[in-house]
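Whenever a hint applies, use it, and build me the whole structure from the sequences.
Quick mapping for you: the protein sequence lines, in order, are chains A and B.
One rule links them: number in this note's numbering = place in the first sequence (from 1) + 7.
One rule links them: number in this note's numbering = place in the second sequence (from 1) + 212.
Don't read these hints as lab results, they were simulated from the structure.
Since the structure is predicted, the reported quantities are computational estimates derived from the model, not experimental observations.
Beta carbons: idealized from backbone N, C-alpha and C, even for Gly.
Accuracy of the hints is not assured; some may be wrong.
Stated by the list, open to error - Result set (SDA-like, lysine to any residue): computed pairs, CA atoms no more than 20 Å apart in a straight line: (1) A:Lys-267 to A:Leu-43; (2) A:Lys-278 to B:Arg-338; (3) B:Lys-316 to A:Lys-267.
As the list claims (entries may be wrong) - Far from chain A, some chain B residues (derived; all Cβ distances over 12 Å): (4) Glu-388; (5) Asp-399; (6) Glu-423.
Claimed, not checked - Partial pick of chain B residues on the chain A-facing surface, computed with a CB cut under 8 Å: (7) Glu-291; (8) Pro-296; (9) Leu-383.
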Amino acid sequence: MTGQATSQAWSSHEGAAALAAPTSTEKRRAFDWRLLLGFFLPVAIALLWEAAVTLGLAEGRLVPPPSRIIAMLWGLAQTGELWTHAWMTLWRVLVGFVIGALSGIVLGALSGSSQTLRQLLDPTLQALRAIPSIAWVPLFILWLGIFEASKVALIAVGVFFPVYLGIAGAILSVDRKLVEVGHVFRLSRVQLARRILLPAVLPEAVIALRSGLGLGFMFVVAAEFMGASEGLGYLLVDGQQMGKPDQILAAIIAFALLGKTADSLLVAATKPLVRWQDTVRERL
Amino acid sequence: MLSFEHLAKTYADGTRALSDINLTVHEGEIVALIGGSGCGKTTLLRLIAGLDRESAGRIRLDGEVLSGPHPAVGIVFQEPRLLPWLSVADNIAFGLDGFSTAEKKARVTHALEKVGLVEHAGRWPRDLSGGQQQRVSIARAFVTNPKVLLLDEPFSALDAFTRASLHEHLLGLWEETRPTVVLVTHDVQEAVTLADRAIVMQPKPGRIFDELPLTLARPRDRTGLPFETSVRRVLTALDHSLKAPQQQPQRERDRQAAALWW
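Right, dumping it as structure tokens:
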């Protein structure tokens with residue numbers, strides 16, 4: 008009797024909750040446990056390898072088991088080395104990214120908004136883009152020395168091209184129909200740029216900046232290979248020369264975490280600007 | 213008063229979109245431009261809005277020659293063309309840049325009431341239906357109190373019910389300030405519902421074929437006999453305009469005959 012009563016109360020309570028807050032239940036239901044399936048393969052392989060090395064089936068000298076990599080990371084973090092190197096790498100990427108992105112935005116905006124400037128700038132920039140960025144390294148070292156300036160320059164070059172192409176392309180593809188709305192309300196060139204072109208290109212600009220940042224992280228490794236005493240790239244080279252594969256893998260993991268965090272921060276920082284977009288971007 | 217004098221437009225590829233348009237639209241009059249596709253209706257509207265330049269002739273508004281977009285001319289496009297990054301209220305306020313914040317707010321609120329979207333003021337355009345978006349677009353054009361309002365088939369993408377309700381919203385807004393309205397449409401019912409005069413146009417090159425005054429009393433009863441009669445008159449004129457290419461040689465012969473007589 009009482010059991011029935013409680014079960015009824017339960018169901019009606021549930022019903023009321025569902026009616027009152029359909030969004031929260033939807034959200035809760037929206038979490039798909041199958042997403043965790045993606046973790047299965049790497050975790051399984053890691054555990055198998057760990058077991059194989061522990062049981063003596065494999066030596067694990069060149070391919071260290073996860074426990075050794077974690078211990079290495081932990082050790083580097085304890086001595087503070089990890090933070091010094093990560094901070095150095097991050098600093099280089101940031102400075103290079105800011106320089107490359109700013110020049111990419113300015114030149115991209117110029118070449119996107121004026122046909123004369125596009126015909127003046129674009130062929131040269133496209134020709135320069137065809138040069139593999141690493142090919143600049145010897146020249147940068149001759150010009151700027153072996154220290155920070157040449158590294159930052161290489162990263163800036165790597166960041167510049169995707170940002171330049173993205174911004175110029177975004178401006179060129181702004182809907183003519185929206186620009187006409189601006190003409191009808193007699194906006195000046197500056198007003199048109201501020202009130203229509205800028206907001207219209209923001210979503211693509213964010214994507215351009217993200218791919219620029221990704222390339223920034225790619226080039227920082229190259230830059231740190233060419234002679235550095237600090238940075239995650241140095242840890243890689245050092246691990247190779249000292250025969251410490253666990254240090255190499257630790258540095259690789261640190262790179263992955265650093266890159267992903269920087270990208271997420273960029274996405275979070277730009278999200279309020281592109282909130283209005285009617286797309287599926289939120290899922291990415 | 214809006215007048216066209218020998219207005220012509222030839223596109224760069226040689227297409228003669230309009231040739232020798234002469235027409236006067238009185239203040240506060242609603243004129244419907246009607247005709248088959250490719251007869252230059254939209255081109256004419258774009259010339260008035262200043263989005264394209266005429267090849268010959270001129271457009272005058274109260275004696276002033278229009279060259280380029282004019283503050284007293286507003287336009288509602290075929291698509292809503294709302295700015296997706298602005299809220300509904302900010303979209304309506306888009307053309308009110310020179311006004312004080314209070315004036316802006318008062319005008320936007322009034323326009324929102326008029327089109328019945330007060331509760332949607334803070335939403336994004338993407339959250340509105342097609343009919344609601346077009347109402348925002350109409351409000352955006354009206355809010356600057358234009359002397360001339362251009363409507364480029366603004367209701368063509370909507371279903372019949374939405375269209376009828378938008379006609380009411382439009383006439384409600386028009387009653388307030390009585391701007392001159394030039395409406396492009398291919399819907400005869402719509403022309404007879406809204407317009408004081410129907411201008412029937414003819415393609416290749418776009419030109420005026422006939423003018424029909426529509427003098428029914430407002431508000432118009434769409435089910436009454438006079439309405440039916442007007443619709444039929446416009447339809448007949450449209451029919452003739454489409455058959456006209458065969459009549460053209462006849463007229464040409466008449467003109468040659470007249471020349472011989474001289």
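Minimum C-beta separation from B:Glu-423 to chain A exceeding 12 Å: can you confirm that? holds, 27 Å
When the nearest CB of chain A is found for B:Leu-383, is that gap smaller than 8 Å? violated, 23 Å
Interface hint outcome for B:Pro-296 [beta carbon to chain A under 8 Å]: holds, 5 Å
Per the stated criterion, does the least C-beta distance between B:Glu-388 and chain A lie above 12 Å, as a non-interface residue requires? holds, 21 Å
Just to be careful, I want the Cα atoms of A:Lys-267 and A:Leu-43 compared with a cutoff of 20 Å; is the pair within it? holds, 18 Å
Identify whether the interface hint at B:Glu-291 stands, where standing means a beta carbon of chain A within less than 8 Å of its own. holds, 7 Å
Beyond 12 Å from every Cβ of chain A: is that where the Cβ of B:Asp-399 lies? Non-interface label on B:Asp-399 holds, nearest chain A Cβ at 22 Å vs cutoff 12 Å.
Straight-line Cα separation of B:Lys-316 and A:Lys-267 no greater than 20 Å? violated, 44 Å
For a C-alpha distance cap of 20 Å, please report whether A:Lys-278 and B:Arg-338 respect it. holds, 17 Å
Violated hints, in rising order: 3, 9; the structure is consistent with all others.
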